[in-house]
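Visitor: Listed here are the chains, written in short residue letters.
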Amino acid sequence: MSAVTEERTLRRGGVRALYAGNARAVVGRGLQATRSSNWVVVASGFIEPIFYLLSLGVGLGAYIGTVADASGREIPYAAYIAPALLAVSAMNGAIYDSTWNVFFKMNFAKIYEGMLATSLGPLDVALGEILLALFRGAIYGVGFQFVMQLMGLNLSWWAVLAVPAVMLVAFGFASIGMGVTSYFTTFQQMEWIMFVLMPMFMFSATFFPISVYPEPLQWLVMALPLWHGVELIRGLTTGVVGPDALVHVLYYLVMIAIGLYFTTRRLRALFLD
Amino acid sequence: MTVIAASELVKRYGDFAAVDGISFEVAPGESFGLLGPNGAGKSTTMRMVGAVSTRTSGSLTVLGLDPDDYGPEIRSRLGVVPQQDNLDNELRVRENLLTYGRYFGLPRRLVAERADELLQFAQLADRAGAKVDELSGGMKRRLTIARALINDPRILLLDEPTTGLDPQARHILWDRLFRLKEQGTTLLLTTHYMDEAEQLCDRLVVVDHGRIMAEGSPASLIRSYSTREVLEVRFGSDRNADAAAALAGLGDRLEVLPDRVLVYADDGEAALAEVVARGLQPLTSLVRRSSLEDVFLRLTGRSLIE
Numbered sequence: 001m002s003a004v005t006e007e008r009t010l011r012r013g014g015v016r017a018l019y020a021g022n023a024r025a026v027v028g029r030g031l032q033a034t035r036s037s038n039w040v041v042v043a044s045g046f047i048e049p050i051f052y053l054l055s056l057g058v059g060l061g062a063y064i065g066t067v068a069d070a071s072g073r074e075i076p077y078a079a080y081i082a083p084a085l086l087a088v089s090a091m092n093g094a095i096y097d098s099t100w101n102v103f104f105k106m107n108f109a110k111i112y113e114g115m116l117a118t119s120l121g122p123l124d125v126a127l128g129e130i131l132l133a134l135f136r137g138a139i140y141g142v143g144f145q146f147v148m149q150l151m152g153l154n155l156s157w158w159a160v161l162a163v164p165a166v167m168l169v170a171f172g173f174a175s176i177g178m179g180v181t182s183y184f185t186t187f188q189q190m191e192w193i194m195f196v197l198m199p200m201f202m203f204s205a206t207f208f209p210i211s212v213y214p215e216p217l218q219w220l221v222m223a224l225p226l227w228h229g230v231e232l233i234r235g236l237t238t239g240v241v242g243p244d245a246l247v248h249v250l251y252y253l254v255m256i257a258i259g260l261y262f263t264t265r266r267l268r269a270l271f272l273d
Numbered sequence: 001m002t003v004i005a006a007s008e009l010v011k012r013y014g015d016f017a018a019v020d021g022i023s024f025e026v027a028p029g030e031s032f033g034l035l036g037p038n039g040a041g042k043s044t045t046m047r048m049v050g051a052v053s054t055r056t057s058g059s060l061t062v063l064g065l066d067p068d069d070y071g072p073e074i075r076s077r078l079g080v081v082p083q084q085d086n087l088d089n090e091l092r093v094r095e096n097l098l099t100y101g102r103y104f105g106l107p108r109r110l111v112a113e114r115a116d117e118l119l120q121f122a123q124l125a126d127r128a129g130a131k132v133d134e135l136s137g138g139m140k141r142r143l144t145i146a147r148a149l150i151n152d153p154r155i156l157l158l159d160e161p162t163t164g165l166d167p168q169a170r171h172i173l174w175d176r177l178f179r180l181k182e183q184g185t186t187l188l189l190t191t192h193y194m195d196e197a198e199q200l201c202d203r204l205v206v207v208d209h210g211r212i213m214a215e216g217s218p219a220s221l222i223r224s225y226s227t228r229e230v231l232e233v234r235f236g237s238d239r240n241a242d243a244a245a246a247l248a249g250l251g252d253r254l255e256v257l258p259d260r261v262l263v264y265a266d267d268g269e270a271a272l273a274e275v276v277a278r279g280l281q282p283l284t285s286l287v288r289r290s291s292l293e294d295v296f297l298r299l300t301g302r303s304l305i306e
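From first to last, the protein sequence lines are chains E and G.
Numbering follows the UniProt record's numbering, with no gaps: position 268 of the first sequence is 268.
Numbering follows the UniProt record's numbering, with no gaps: position 305 of the second sequence is 305.
Calculated directly from the structure, the hints in this document are not laboratory data.
Any given hint might turn out to be false.
Unchecked claim - Distance ranges between label pairs, derived from CB positions:
#1 G:163 - E:51: 46 to 52 Å
#2 E:269 - G:38: 22 to 28 Å
#3 E:44 - G:39: 43 to 49 Å
#4 G:163 - E:18: 30 to 36 Å
#5 G:14 - E:241: 39 to 45 Å
#6 E:12 - G:14: 39 to 45 Å
#7 E:109 - G:14: 27 to 33 Å
As the list claims (entries may be wrong) - A partial selection of chain E residues facing chain G, derived with a Cβ cut-off under 8 Å:
#8 11
#9 22
#10 111
#11 114
#12 115
#13 118
#14 120
#15 121
#16 273
C-beta: ideal position from N, C-alpha, C; glycine also.
Chain E on its own, in the form it takes in the complex:
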């Protein structure tokens, strides 16, 4: 045993070294924990957007009839809001794991402290946790899209690409969610996240086009992440895909990078001082 140890090449990097290439161990821990945790909580985040789809899309939709999509084509109201709710569903899944769960593990359960006493680095922990949150977001998203398919709300073959798009949206929210949460230390601060999420959900072209707002307000909505997710996915499921889609993708890539950067930085400051 000791002979093996001596022959092994030494892992270089100081106390605050970032990455051991072992994020999968962190993901593995999360999956193991989810297996024995309460799946009812998991299900509730998935069901919420479906209720919105049934009540607003089908119920209110019968009253509204059709709306014009980005290309001016008339589509059923349900087909208009379904992709938005798909983005919301990915967001919900990602946010659930990356905010409250992370907050608890960081401040009370001291899980990250334990992880960082091993050969793991802060980037392993950040990446592992974000991938796990992304995983939940993706499950919600794929499940929701399945429901859309059953209801005939995928209007184009482009909708196949909505699956990776959903993962991108989940990745973005997971990353930024954990980034923000890692700086929060009190419950009051955590409430702010919900305070931002709720109006973003209501007003990001989810249920009606943002052209109803005055222009400054439109710019505000377009600066927020959910709008980009909604537009990206709506373009794919309705089959109206333009160069804008690349801007939305880029927005999410930047969001992922920012979230990872700040999460890693914060974990390092907290646990490897």
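We have chain E already, so just place chain G on it with the hints.
Guide: This is chain G only, laid out in the frame that chain E set:
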């Protein structure tokens, strides 16, 4: 050959020096203690040795490597038992060991084998499938120690291993740690319990305000800094100070505490006879052997546990 060598180790947080020039060396297989009150800088020292905290100045090598260059490498060869249990409550007992082994990048099969051995060692084999919340304080502590051993560490770092445990649980834990010591595991532990230091440490340093006050084996420290016996006499809270005046010159030295007076003398019974001969009538009296508590009191003028 030393496994830990610290020289003039300093850790500052702003203006405050948590560790202020500590030097010590630990030999392989040795059991080394850092003894001191809360806030003495013991945990900070442990964090630097554990390669999770950078030093402000001084030099440090752990297993021959500098943590500034080989942090993760050092961490992969250490076992860490933190002051507060940070077991994973979302996982069951055996899963805690498996998952922790995976953090080190160890193969699943190896980890599974070791987990079963360690559950035996920690006397938790029958609790393998239990939830962590269901364990008693002593069991949690044993699980934390088992977890720290999952990577077959060269050094085990124990920060206040038995703080908060009841006497029986402490004895079980000491027995386990003593076995590790017999197997040749190097132990570095902090404690503010004298009896713990006396039971487990081959050698220790007494730390206060981030500095080393004395170094040696428990027995040699007691020899150098205290008398063989101590007479403890109580006269009632208001009268201890007055009585102390009347006791002047008795034994080697007197210590007046709020609740009692300590008379340091090689022959405690003789000292007690002299107290009575001087016309004093203590409410209670006790003759005992000197302990590290007395060493600490002598070195710092304060009690360890305040």
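Visitor: Enumerate the violated hints, using their earlier numbering and listing them in ascending order.
Guide: Structure breaks hints 5, 6.
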